[in-house]
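Student: What follows is the residue order along each chain.
2 protein chains.
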Amino acid sequence: MAIIVQKYGGSSVADAEKIKNVACRLMRAQEQGNQVVAVVSAMGKTTDSLISLANEVSTRPNRREMDSLLSTGEIVTATLLTMALRSAKHKAISLTGAQAGITTDSSHSKAKITGINPERIIEEINRGRIVIVAGFQGITEEMDVTTLGRGGSDTSAVALAISLNADKCETYTDVEGVYTADPRIVPAARKIEEIGYEDMLELASVGAKVMHSRAVELGWVYNMPILVASSFNDNPGTLIHGGVPMEIRNKVSGIAHDLNIAKITVVGVPDKPGIASTIFEELADKGVSVDSIVQNASVNRITDLTFTLARGDVQNAMKALEPVIKSVGAKECVSDVTLGKVSIIGAGMQSGPGYASRMFKALSDKGINIELISTSEIRITCIIDGDKVPEAVQALHDVFELEAE
Amino acid sequence: MAIIVQKYGGSSVADAEKIKNVACRLMRAQEQGNQVVAVVSAMGKTTDSLISLANEVSTRPNRREMDSLLSTGEIVTATLLTMALRSAKHKAISLTGAQAGITTDSSHSKAKITGINPERIIEEINRGRIVIVAGFQGITEEMDVTTLGRGGSDTSAVALAISLNADKCETYTDVEGVYTADPRIVPAARKIEEIGYEDMLELASVGAKVMHSRAVELGWVYNMPILVASSFNDNPGTLIHGGVPMEIRNKVSGIAHDLNIAKITVVGVPDKPGIASTIFEELADKGVSVDSIVQNASVNRITDLTFTLARGDVQNAMKALEPVIKSVGAKECVSDVTLGKVSIIGAGMQSGPGYASRMFKALSDKGINIELISTSEIRITCIIDGDKVPEAVQALHDVFELEAE
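Same order as they appear, the protein sequences are chains A and P. Numbers 0 to 404, taken from numbering that gives the first Met the number 0, label the letters of the first sequence in order. Numbers 0 to 404, taken from numbering that gives the first Met the number 0, label the letters of the second sequence in order.
Hints in this document: simulated from the structure, not taken from any laboratory. You may find that some hints are simply not true.
Note that identical chains are pooled: a pair holds if it fits in a single copy or bridges any two copies.
Claimed, not checked - DSSO-like mimics (lysine-lysine), calculated; alpha carbons at most 27 Å apart, straight line:
1) LYS111 / LYS208
2) LYS44 / LYS17
3) LYS250 / LYS387
4) LYS19 / LYS44
5) LYS19 / LYS88
6) LYS285 / LYS167
7) LYS285 / LYS88
8) LYS90 / LYS19
9) LYS17 / LYS318
10) LYS271 / LYS208
11) LYS250 / LYS208
12) LYS90 / LYS330
13) LYS111 / LYS190
14) LYS208 / LYS387
15) LYS90 / LYS250
16) LYS271 / LYS387
17) LYS90 / LYS285
18) LYS190 / LYS360
19) LYS90 / LYS111
20) LYS109 / LYS88
21) LYS360 / LYS285
22) LYS111 / LYS167
23) LYS109 / LYS90
Full structure from sequences and hints, please.
Tutor: Written out as structure tokens, the structure is:
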């Protein structure tokens, strides 16, 4: 009998009706002859409510305690879903991360899975039970509860699928799969049937929020196919896997965008070794995450240093830079919080030339100015005016003919 | 350094402000030179909300799942209280029942503690931390979460106090202690300074809801003194212990009452051996708990059988009795759901005569009819008209001079 692992996100289990709907899906999967393991997130806005409670009692909640607090959200969903299944006369049992044998390191709030002992899960599925595992959590060797951070439940699900030798890991959410662009911006955006791990990683890293890159990375390392589909219908979804045919690989697979972009330019920096590192070390110390960095050509040994970052970090960054500007002898700092970025992604771009020039031409044809460019082997990203992002995404979707299958 | 165990009930931790108040109390206890362990209940109505959720997905929620679900309520309180303490720069850590080493049998929803391994708690208090334990819960040998049922957090606290060799177990709640009668009925009711385990047990068993009898029993067996006091002020409260002086023991210590009483009479029962057991076995099978039983003197080998029960059980009981009446050849069943009970309690009553007669006279002086009488070694209970209960409690409080110290 095949083991399947299904993961349901917070919006798929947001209330009692939705939980019953998930129960029906799991029963159907079992009736089709599978051994079924489900991983669940906390219901709807539960995690946010718990965080608010924590902020009411503490300005800076301790991370170990926060992990223990937040882990209850997934346990609640897991037990309710199990009750719904049992109420429909199906054998089922809920397991916490600890009971499911998920051990992690002790980096609270962003723990890494160190191992899974699937003994209990296997015992339960062999008794004919559907096993519901609380996602997002694990336990340290010292029996302390940890959470896996952003994308945690996806990571739990992929890791369990790997340790149980499942054929694939199915993740169900409130979108129908991975699209060639955000359908809210490009109405003709096409759902991608299958996509390689690399492409999916690049999409995730530049703003396609369907699945966290960490879960994709894990799937890639162990070659575990991951399905992304909707929990509200039976449409096919997107399969992320390693065996994507050449024809599909050899082109742009999608357009990603991100509206949460700002830019800071440090003006009049003396062009001497060690100055850039002074600046970026100071920012890292203050917890500011920097994205792309560009240094202009130096004139009279004076240059400008520009970098992009999330809009929410600008205030912190400007404050952190104040003393640094003085100490390195720069002139001033200017910020721009009105930016956005568009990216084209595709493993095929590595071998085929001309993708960058086609992208730049498409943007310039629309009169869109490119502020910054950054690339990886399979991605080209342009920072542009935030207001122009929707137009840019649509233009790139047209130029790279993503509408057609 | 002395170890103290304090327990805070749901109303004492109902919101962020109350949790901060409890944090202050714990810090003060530590600053007075104690090693402090606190046991907490779920916040306010949390448990009720979780039960409602369960009822939305299942008409008869599975008990193992319900335990896992409900256990999250106490974990939430424990983590929030710990965050509040840490936010006030005190060392603190929360522990789930499992982490605190509380093992139980596997009777879900009413598990019994089988042992406590206090190693982790001792390690943590020796590091100078205040340890906050989620009450009401434990874990089986198979790592399944259990809850201890009604009065569970009190039981957790007393059990922990015993295993840690604490001097006493302090339980804090929204009342100031144990009273000679319900202060809402008898405005002059006096707070009892100290009371023996036996008296407290009898008070609890007949409706004084300050502390569940199970926790008192445990305290009695291990001779662990239990303080009952308010979490909202520093008034002294009531100490339940074994060494209550003779003078205090040798009299009535309190008046308890209960308005949730009904009576069923099976009329015209043939007075033959085995018939009563047939009737009461049938009721037990249907989950109906019977309190007192009285059989009238038999006339022509025909008798009436009367018993009391909770008002909520009457419908079930009447239904269960229908077939039995026919099979044993009784005439009919009649019920009365308008009853109440009053009890006088006191270890001294064993040795001093005349308590019963003084009680009956006090009631008859007020024109109150006694429907049924039941007694234990240290308790006399009268079933009377429910409407007359307040008057009866007041009269008994006067007659036995409980107002005066």
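Student: Each of the hints needs a verdict: does it hold here or not?
Tutor: Here's how the hints hold up against the structure:
1. LYS111 / LYS208: Only inside one copy: LYS111 and LYS208 sit 21 Å apart there, 47 Å across copies, limit 27 Å.
2. LYS44 / LYS17: Classified as both: same-chain Cα gap 14 Å, cross-chain 24 Å, threshold 27 Å.
3. LYS250 / LYS387: within (25 Å within a copy, 87 Å between copies)
4. LYS19 / LYS44: This pair counts as both: shortest intra-copy Cα distance 18 Å, inter-copy 25 Å.
5. LYS19 / LYS88: Within one copy only: 13 Å inside, 45 Å across.
6. LYS285 / LYS167: So LYS285 and LYS167 fail the 27 Å test inside a copy (40 Å) and across (48 Å) alike.
7. LYS285 / LYS88: Close across copies (23 Å), not inside one copy (54 Å); limit 27 Å.
8. LYS90 / LYS19: Cα proximity of LYS90 and LYS19: one copy only (15 Å, versus 43 Å across).
9. LYS17 / LYS318: So LYS17 and LYS318 fail the 27 Å test inside a copy (46 Å) and across (37 Å) alike.
10. LYS271 / LYS208: neither (40 Å within a copy, 77 Å between copies)
11. LYS250 / LYS208: within (22 Å within a copy, 73 Å between copies)
12. LYS90 / LYS330: Neither: 70 Å inside a chain and 46 Å across chains, both beyond 27 Å.
13. LYS111 / LYS190: neither (31 Å within a copy, 55 Å between copies)
14. LYS208 / LYS387: within (20 Å within a copy, 67 Å between copies)
15. LYS90 / LYS250: neither (47 Å within a copy, 57 Å between copies)
16. LYS271 / LYS387: neither (36 Å within a copy, 95 Å between copies)
17. LYS90 / LYS285: between (51 Å within a copy, 26 Å between copies)
18. LYS190 / LYS360: within (26 Å within a copy, 86 Å between copies)
19. LYS90 / LYS111: between (31 Å within a copy, 26 Å between copies)
20. LYS109 / LYS88: Classified as between: cross-chain Cα gap 24 Å, same-chain 38 Å, threshold 27 Å.
21. LYS360 / LYS285: Classified as neither; 38 Å inside a copy, 80 Å across copies.
22. LYS111 / LYS167: So LYS111 and LYS167 pass the 27 Å test inside one copy only (21 Å; across, 42 Å).
23. LYS109 / LYS90: between (33 Å within a copy, 23 Å between copies)
Hint compliance for this structure: hints 6, 9, 10, 12, 13, 15, 16, 21 are broken, all remaining hints hold.
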